[in-house]
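Colleague: These are the residues of each chain, in order.
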Amino acid sequence: MKKIANVFKQLRKAGKKAFIPYIMAGDPSLDDTKRFVAELEQGGADIIELGVPFSDPLADGPTIQRASERALAQGVTLRKVLALVEDIRNDSRIPLVLMTYYNPVFKYGIEAFVREAVRIGVSGVIIPDLIPDEAGDLIGYAKKYGLDTIFLLAPTSTEKRVKIVARSSTGFIYYVSITGITGAKLQLDSTMESTLSLIKKHSRKPVAIGFGISSPEKAAAVARLADGVIVGSAVVKLISEGKDIRAFARAVKEVI
Amino acid sequence: MIKKTKKVPDSRGHFGRYGGRFVPETLIPALAELEETYKKLKKDKTFQQELDLLRNNYIGRPTPLYFAKNLTERVGGAKIYLKREDLCHTGAHKINNAIGQTLLAKKMGKTRVIAETGAGQHGVATATGAALVGLECEIYMGTDDMKRQSLNVFRMRLLGAKVTEVPTGSRTLKDAINEALRDWTTNVRHTHYVLGTVFGPHPYPAMVRDFQSVIGTEARKQILRAEGKLPDCLIACVGGGSNSIGLFCAFLKDKIKMIGVEAGGLGIESGKHAARFAGGSLGVFQGCMSYLLQDGDGNVLGTHSVSAGLDYASIGPEHCYLKDLKAIEYTYATDDEALKAFDLLSRTEGITPALESAHAIAETVNVAEKMPVDAIIIVNLSGRGDKDVMEVARIKGIEL
Ligand SMILES: Cc1ncc(COP(=O)(O)O)c(C=O)c1O
Numbered sequence: 001m002k003k004i005a006n007v008f009k010q011l012r013k014a015g016k017k018a019f020i021p022y023i024m025a026g027d028p029s030l031d032d033t034k035r036f037v038a039e040l041e042q043g044g045a046d047i048i049e050l051g052v053p054f055s056d057p058l059a060d061g062p063t064i065q066r067a068s069e070r071a072l073a074q075g076v077t078l079r080k081v082l083a084l085v086e087d088i089r090n091d092s093r094i095p096l097v098l099m100t101y102y103n104p105v106f107k108y109g110i111e112a113f114v115r116e117a118v119r120i121g122v123s124g125v126i127i128p129d130l131i132p133d134e135a136g137d138l139i140g141y142a143k144k145y146g147l148d149t150i151f152l153l154a155p156t157s158t159e160k161r162v163k164i165v166a167r168s169s170t171g172f173i174y175y176v177s178i179t180g181i182t183g184a185k186l187q188l189d190s191t192m193e194s195t196l197s198l199i200k201k202h203s204r205k206p207v208a209i210g211f212g213i214s215s216p217e218k219a220a221a222v223a224r225l226a227d228g229v230i231v232g233s234a235v236v237k238l239i240s241e242g243k244d245i246r247a248f249a250r251a252v253k254e255v256i
Numbered sequence: 257m258i259k260k261t262k263k264v265p266d267s268r269g270h271f272g273r274y275g276g277r278f279v280p281e282t283l284i285p286a287l288a289e290l291e292e293t294y295k296k297l298k299k300d301k302t303f304q305q306e307l308d309l310l311r312n313n314y315i316g317r318p319t320p321l322y323f324a325k326n327l328t329e330r331v332g333g334a335k336i337y338l339k340r341e342d343l344c345h346t347g348a349h350k351i352n353n354a355i356g357q358t359l360l361a362k363k364m365g366k367t368r369v370i371a372e373t374g375a376g377q378h379g380v381a382t383a384t385g386a387a388l389v390g391l392e393c394e395i396y397m398g399t400d401d402m403k404r405q406s407l408n409v410f411r412m413r414l415l416g417a418k419v420t421e422v423p424t425g426s427r428t429l430k431d432a433i434n435e436a437l438r439d440w441t442t443n444v445r446h447t448h449y450v451l452g453t454v455f456g457p458h459p460y461p462a463m464v465r466d467f468q469s470v471i472g473t474e475a476r477k478q479i480l481r482a483e484g485k486l487p488d489c490l491i492a493c494v495g496g497g498s499n500s501i502g503l504f505c506a507f508l509k510d511k512i513k514m515i516g517v518e519a520g521g522l523g524i525e526s527g528k529h530a531a532r533f534a535g536g537s538l539g540v541f542q543g544c545m546s547y548l549l550q551d552g553d554g555n556v557l558g559t560h561s562v563s564a565g566l567d568y569a570s571i572g573p574e575h576c577y578l579k580d581l582k583a584i585e586y587t588y589a590t591d592d593e594a595l596k597a598f599d600l601l602s603r604t605e606g607i608t609p610a611l612e613s614a615h616a617i618a619e620t621v622n623v624a625e626k627m628p629v630d631a632i633i634i635v636n637l638s639g640r641g642d643k644d645v646m647e648v649a650r651i652k653g654i655e656l
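As they're listed, the protein sequences go chains A and B.
Okay, so the first sequence: first residue is 1 according to my numbering, each after it adds one.
Okay, so the second sequence: first residue is 257 according to my numbering, each after it adds one.
Bear in mind the hints are in silico, worked out from the structure with no lab data behind them.
Glycine is no exception: its CB is placed at the ideal position from the N, C-alpha and C atoms.
All clues stand as given, with none of them false.
Here are some chain A residues pointing at chain B (derived, C-beta under 7 Å): (1) Ser55; (2) Tyr102; (3) Arg161.
Distance condition first, Cα-Cα at most 27 Å in a straight line; then the derived BS3-like pairs of lysine-lysine: (4) Lys160/A x Lys298/B; (5) Lys3/A x Lys205/A; (6) Lys509/B x Lys582/B; (7) Lys9/A x Lys163/A; (8) Lys626/B x Lys477/B; (9) Lys160/A x Lys299/B; (10) Lys363/B x Lys418/B; (11) Lys163/A x Lys296/B; (12) Lys160/A x Lys295/B; (13) Lys160/A x Lys296/B; (14) Lys185/A x Lys418/B; (15) Lys34/A x Lys80/A; (16) Lys325/B x Lys511/B; (17) Lys143/A x Lys205/A; (18) Lys263/B x Lys477/B; (19) Lys9/A x Lys143/A; (20) Lys80/A x Lys243/A; (21) Lys528/B x Lys403/B; (22) Lys509/B x Lys298/B; (23) Lys144/A x Lys80/A; (24) Lys160/A x Lys363/B; (25) Lys528/B x Lys652/B; (26) Lys579/B x Lys528/B; (27) Lys295/B x Lys362/B; (28) Lys579/B x Lys263/B; (29) Lys163/A x Lys295/B; (30) Lys509/B x Lys477/B; (31) Lys296/B x Lys263/B; (32) Lys263/B x Lys160/A; (33) Lys362/B x Lys160/A.
Just need the whole structure built from these sequences, with the hints factored in.
Modeller: Here it is, written out as structure tokens:
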């Protein structure tokens, strides 16, 4: 399986940006998720984020909340998502990143989780309610076993926070485009450019921008400012409407 | 007794292994700002004077420490004193914290406050504070709680607050907190989140404890004046844990039995309860590490209690710390026991307690019975029962 850092390196050489779609594992079923991963890869996705459903998704807007509820209703758990990744690995080498709230990982056991995730071929993990300051154990095990820890920055982040998060992130840094939750409306303003230049000042690690990017046009607009674009709610919404996500991936990939 | 080896929480908000700051990065600068401002105002004479003035003339402090003679005689054991937080303006201890935080929000230049509420008491208290200091106010409340606490919903609206229904998840307090955190993440630049209990990310558990510590500080003076000695036992109900810690913290250095009473709901075996210590395990939820009612995969379980204010899946991190140190014991009272205590206090003393506080009364009866007549118990009567009258009538099958 390809390393996340290498994906960005190759894209950078080609003057391209990474397209990172997010889907909720198990929405509407784990079999469907496997098929969606294949479709997104065919559509040109460079990395795929797999959401792990959680009972209390406090960083998510209604679209992903509902997807999480649907997946939970199917009995999907972190354990089952890990098994799904193992299954996907028979067919695909695309880097997969798990996006999960902290408590399922904590309950699983941090070391056990990291070891198992690496063994089956997960490339990285994004935990929206875990800041580097509280992630000592996770970061330690991730280094030991070789898992990327992707932390987040936001428009409210101060220079002090930028330094801490940039230092602790591996693979890439996740810049949250808006002051808000997933699925909210994107605002392209000067805060984004100034925070991004602050990040670039302190780190040469790739930066991907996510939250609120709902169309290829918006993806194109933010792609100019960063190394990658993350699209979550928009993809989840297409899935819930039974629409073609491969075509959407192609449309995004073409313009970034 | 606690040997104060370390100051808790530490600089990062940890009470031993509990507490901390587990929220999205977006909120971290706001929490840092809150921590800084609070640290300054804690030492600021004008702020403290302003707060004291409001405590005395607006909240109605000090609240009485009342010797419940009839109840004591009925039970036939230790002397039972009630710390009358039910006599606070708006009817519960929640106002002690809400006034502190709304004043703080004003000082920070925020124009809007938000809050979650379960029983509606914290929502009413926050709406009151917002009206008093002049802030826009929005309260999040689960659909189920809005039904069983409809009186408080109307009160909040009277006070000029917007009450927003939360129809997701279990439709109770935890879901209201999720929604409040989502709002705060979106509006953090001009909004302060008035969290209602000793829970959530640092500095809330410590700050809310400080605002509630006035309960214990007063009670200590009052009991010394009335009895010339310290009590033998303190009892309070534990939702998030603010009224209990507020009473207990002034006595932590003394060798006094302290009992926190959680909601036993329909009994621990039924799975329908909110007894985090009896039925939970270590977890991370809504901002901090603590005991949590969760399944084997780390999803948060639904809870049940007849009292909306105790119906919550986790508990303040300092309580876990104090439990480990054996400074506080924890037990639970079931719905039925609380309902019986609700009736008992109404009839013996002419005081109708909040259903939350009725859990503490239920345990008090058990404990007092077994203690000698010269022993002293202080129970925190955290709120009055007016808000629960409709619900209790419904449970009894009486149409009002
Ligand atoms: C009257 C009353 N007592 C107790 C509680 C429980 O909260 P805490 O444990 O923070 O005191 C509530 C919460 O709504 C309440 O309204």
